[in-house]
Structures are given as structure tokens and as C-alpha cells.
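Peer 1: Chain residues, written in single-letter form:
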Amino acid sequence: MTVRSFQLVATDPLLRAQGVTLEYAGAHSTVRATHDVSFDVYRGDRFVLLGPSGCGKSTLLKAVGGFIAPRAGSLFLNGLPITRPGPDRIVVFQEFDQLPPWKTVKRNVMFPLLAGGMGRREAEARALHWLAKVGLSGFVDAYPHTLSGGMKARVAIARALAMQPDILLMDEPFAALDALTRRQMQEELQALWEEIKFTMLFVTHSIEEALVVGNRILLLSPHPGRVRAELNCHQFGLHSAGSAEFQAAAARIHGLLFDAPTPIVAAAPAQRVES
Amino acid sequence: MSAQWDPPVRPEYELALSPAGAVQAVRPLSAAQRAWRFGWLRKSALLLLLAIAWEAVARLQANDLLLPGALQTAHALAAGIVSGELPRYVGVSLAVLLQGYAAGIAGAFLLTSLAMSTTLGRDLLETLTAMFNPLPAIALLPLALLWFGLGRGSLVFVLMHSVMWPLALNTYAGFRAVPETLRMTGRNYGLGGVRLVLQVLIPAALPAILSGLKIGWAFAWRTLIAAELVFGTTSGKGGLGWYIFQSRNELYTDKVFAGLAAVIGIGLLVENIVFQSVERLTVRRWGMQR
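Quick note, the sequences are listed as chains Z and B, same order. Residues 617 to 891 in this note's numbering are what the first sequence spells out, letter by letter. Residues 125 to 414 in this note's numbering are what the second sequence spells out, letter by letter.
It is worth saying that the hints were derived from the structure and are not from the lab. Heads up, the beta-carbon is just placed ideally off N, CA and C, and yes, glycines get one too. Be a bit skeptical, because a hint or two may be false.
So these bits of chain B aren't anywhere near chain Z, every CB distance computed over 10 Å [claimed, not checked]:
hint	residue
1	GLY314
2	GLU395
3	TRP410
4	GLY411
Pair by pair, the computed Cβ-Cβ distance ranges are [stated by the list, open to error]:
hint	chain 1	residue 1	chain 2	residue 2	range
5	Z	GLY853	B	PHE162	45 to 51 Å
6	Z	GLY765	B	PRO131	54 to 60 Å
7	Z	GLY765	B	ALA342	36 to 42 Å
8	B	GLY411	Z	HIS644	35 to 41 Å
9	B	PHE399	Z	ASP794	25 to 31 Å
10	B	LEU238	Z	THR646	52 to 58 Å
11	B	LEU222	Z	SER822	34 to 40 Å
12	B	ASP247	Z	ASN694	28 to 34 Å
13	Z	GLY765	B	ALA301	43 to 49 Å
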């Protein structure tokens, strides 16, 4: 089998959000989730949407997924407007029930491939390849209910990567995991990205996770979600978590999100870079 | 006066781990404990106790015409089976039953598909089930006889009525309980319409659908026996209900009991073999039901 490598040529943005305003119907009124949000995601980006709950970051991700149509503004993928869900944007959800319980691990990974019309044999080979990548070769015939939370997250990631989508949409994928497993999953995701250089849009409410996982962060303020800042964080990896620079960046983001005076301004390394 | 509790400062220590194998010794269960874990063994023991109690009461009563004992009933049942009389009646009943059951399932799936796709379909399902689910199928029998005549058609009609509403209600509830994430996952992969229903909604709602099928089966069975008791035979070929009715007319009370035992036996068989196997192979294996 052949696995086509993800493209790494920085040309036009892969995903472009222009003045996106999202609304959803509440019990008594329509609720505005985001207001006039714009950002660009390039190929190979690990783009993080960060903000407190109520900033519309998950809603934004669902809009990119094509599940919600924007009230105003537009979303383009590869220059084409996003109108409906499609296999070029695979979502990894936080909830564990994203894996159909009636399918084994292998069949779960094969599911979207078969739904897209791929032959059974090729789908199986590809599923096994990606399951090996996330270290689940020994569990291909297990049913999801017998797996731990971290293993379920790995299956979901393998299933998403096996589709080789243009962009991977991750909706707080590790939020329901315990702290130790979450840390491990961040490491593994990092290693996978180093190897394959896929593009992802990552939603989180943890400042530390954003700094560690992403290379660029879009900060959103709550009620409704508006862009507060866009920051670089490519210089931080998993092992810079304790450093002074890292602490300063975290404090700066905290200040931006909660409008508190930032204690360490001089040491802030990540400056806004215009793209 | 408040006492201040200062916990003592204790020395720290580290231990080398002992090998795990030495700690976990597997202790086998005793024969009685193992036997107790088989559900069918427990249930058979219970049935045996009930049969003994029945036999005891029958002997105290000492009136064959009112209450034949367990042994006598077993005799009549065995004789009925050997002579081929009982299997013939059972066959007639089951053939009608399966037709009505299948028709009911088809109706229920049509109705729930409608309800899942349109708001009006949902209103229709909710209104129709609210109207017809409480209506005993047997109450429709006179009407059915008027419309379809004294034959199989009337029976299939009332059976369909008794299966369709509870099954539609359960299936619909099951569809609505499918997690939103799972539904979105399916749509993410480009599934929609019939493919989404077949590949995501039906398997995800299978526990509810199975329980609807079980309720429908029980309803169909009791409706059929009651209908046969009420209007007897169709074109000379009677079912189990007719057999029970006829035996009572001829005062063969032990045969009445044998007929009832056959009804119960088939119910138990279907429940324990068909439905339990399906559940074991699907929802329990998938961890959707314990």
C-alpha cells in the first residue's frame, strides 16, 4: 500500500475564516456564539483555538466541520466554501462515544475508509498501518468498551489520520483523560506530527496544552467569542513546560483572557507576527 | 479551648516491587459455585420447584377435571406431541404468528423512518402510538372479521396491530437516544439518509429495538391465542388457541393444560434461545448492555 505524505508547501492558506459570526437557537432566543472571527490556517499548522468556556471555540470547530452554517462571514477550505460535513475534514471529538461500540478497533478505523468507497482489503491494510502508528497493534480486534480512555483517544486519532484529511479538527480531544494520560497523548500527538506533518485545528481551554501542542494560538474572549489575540508558540515543546519563558507566555495569555494586568511583560517572548 | 493536632513527621521509604505473579494467586471456584453461575440451571431449579408445588396442590385437590397435576399434564403433552396432533396446531399458529410479526415490523420501521425524517412524521407517530398502543388488539377483531372475513387475513391484521405500536415506540425512542457525537461522526464521513440510518442509527439503537421486538413478540403471541380462542378455527385448520378451546369443550382438562404448557414453552424457548442469543452476539458483546 502507499501512504501519500501530507503536503508541506506554504502557499495560500489551507483554511480561511473571514468574519465568521455563528449563532445557535437557545430555549428563548438565538445565542451568538462567535462574532466576526477571522483567521488563516496554513498547511502543517498546529493551530489552536484557546479560550474560556462560552467563547464559541467548539462551535467554531463544528462550523469548520460543516455541521453549522455561519450567520455571517465565510469559511473556505482550499479556496472552496465549506457547506457540509465531509471526509476532507475529520473531527476527533472529546467524548468517548465517538467510536461506534459495535465495531472492533480495526473496523472503527476502516469505517470512514469504507464509507468513502475504498476497497475492503486496502482499507484493512491502511487501518492496520495507522493502528500500529498509535501503538494499538495488539488491540485491533478489541471492542471499544474494553479499552481505556487513552486507548479510545488513540483509536480516534488513528481513524482520523487514516483518512489523510486536509485538516484534522480536534475538539478538546484529551480533556476527558486523566492528567498523566493527557500528558502522554500530547507527547504522542507531537511525535506523530513530527513524523507526518499533518495540519490540525485544535480546540482547548488549557493554556499549557495550547502552548505545548500548537504553533500558533488564536485567543478568544467569551460571550460572544471575539478574537483577542493571535500568538506564536512554535518555540515551546513538551520539555519547555517548566522554563521561565513558558511561564511568562502562560501568564501573558492569562492576562489577555481575563484582562488582569500581566505581571511579567518584559520577559514575554512570543510577539505577534503579522502573516 | 482548641487542641492543635500536629501529625508526626515520619521517615520516608522506598520499596523494590515484588514480582506481580507472586501476589495474584488464582483460586478456582467450587463445583457448586460454578453451577450457580449458569442462569439456565438456576431457572430450571426454580421451574422444578414450581412443578412440585403444582403437583402437590393437585393431589390435595384430587379433582382431574378442575386441576390435573404436573405429571398428568406432562403425559398429555407427550401424547399430543407423539400423535402429531399438537405439533400440527403449533405449526398453524406459528405460521400465522410469523406473518403478523413480520408485517408489524415492516409497519413499525416505515413509521419510524418517517418520524426520523420529517417533523410531520414525528407528530404522526406520536399521535398514532398514543391512540392505538393502549387499544387491545383483540378489540379490533370483530372489525377485522368484517373487513377480511373469517380467515388468516383477520389474524394477521390484529397481530400487526399488536406488534407495530410498541415496536415503533421503542425504535423511535432508541433512535432519539443515539449520542449526537456518533451521529456527527457518521455525517463527518459523508453518510446521510438511508446509509446513516443503516450504518449508524440502527446499530446504535439496537438495545431499544431488541426490547421492542421482545415486547412485540409477547404481545403477538397472546393476541394470537386469544383470537383463536374467540373465533376458533379458520377454514378447518385451527391453531393452539383452538386446540385449548376444543379440549375444554370435550372436558379434557389435561389437554387444556398441555396446550397452555405448549404456549408457555414456545415463549420460553424463543426468549431464551432466539432473543438471548441475538443479545449475546450483539449488544452484550459490544458492551451496550450488561
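Peer 1: For every hint, state whether the structure bears it out.
Peer 2: Hints, one by one, checked against the model:
Against the 10 Å criterion, GLY314/B falls within the reach of chain Z, whose nearest CB is about 5 Å from its own CB. Under the 10 Å C-beta cut-off, the non-interface status given to GLU395/B relative to chain Z holds; the minimum distance is some 23 Å. A beta-carbon of chain Z comes within 10 Å of the beta-carbon of TRP410/B; the shortest separation is about 4 Å. Against chain Z, the non-interface label of GLY411/B is violated: not every CB pair exceeds 10 Å, the least being about 3 Å.
Separation of GLY853/Z from PHE162/B is about 57 Å and departs from the stated range, judged on CB atoms against 45 to 51 Å. Restraint check, GLY765/Z to PRO131/B: a C-beta distance of roughly 35 Å breaks the suggested window 54 to 60 Å. A C-beta distance of roughly 39 Å is found between GLY765/Z and ALA342/B, which places it inside the suggested range of 36 to 42 Å. Between GLY411/B and HIS644/Z the CB atoms are about 39 Å apart, so this pair conforms to the stated range of 35 to 41 Å.
Distance hint check: the CB atoms of PHE399/B and ASP794/Z are about 39 Å apart, inconsistent with the given range 25 to 31 Å. The hint said 52 to 58 Å for the Cβ distance between LEU238/B and THR646/Z, and at roughly 29 Å that hint is violated. Here the CB-CB span from LEU222/B to SER822/Z is close to 58 Å, at odds with the stated 34 to 40 Å. For the pair ASP247/B and ASN694/Z, the beta carbons lie near 42 Å from each other, so the given range of 28 to 34 Å is not met.
Between GLY765/Z and ALA301/B the beta carbons are some 22 Å apart, a value that contradicts the proposed interval 43 to 49 Å.
Violation of the numbered hints given earlier is confined to hints 1, 3, 4, 5, 6, 9, 10, 11, 12, 13; the remaining hints are satisfied by the structure.
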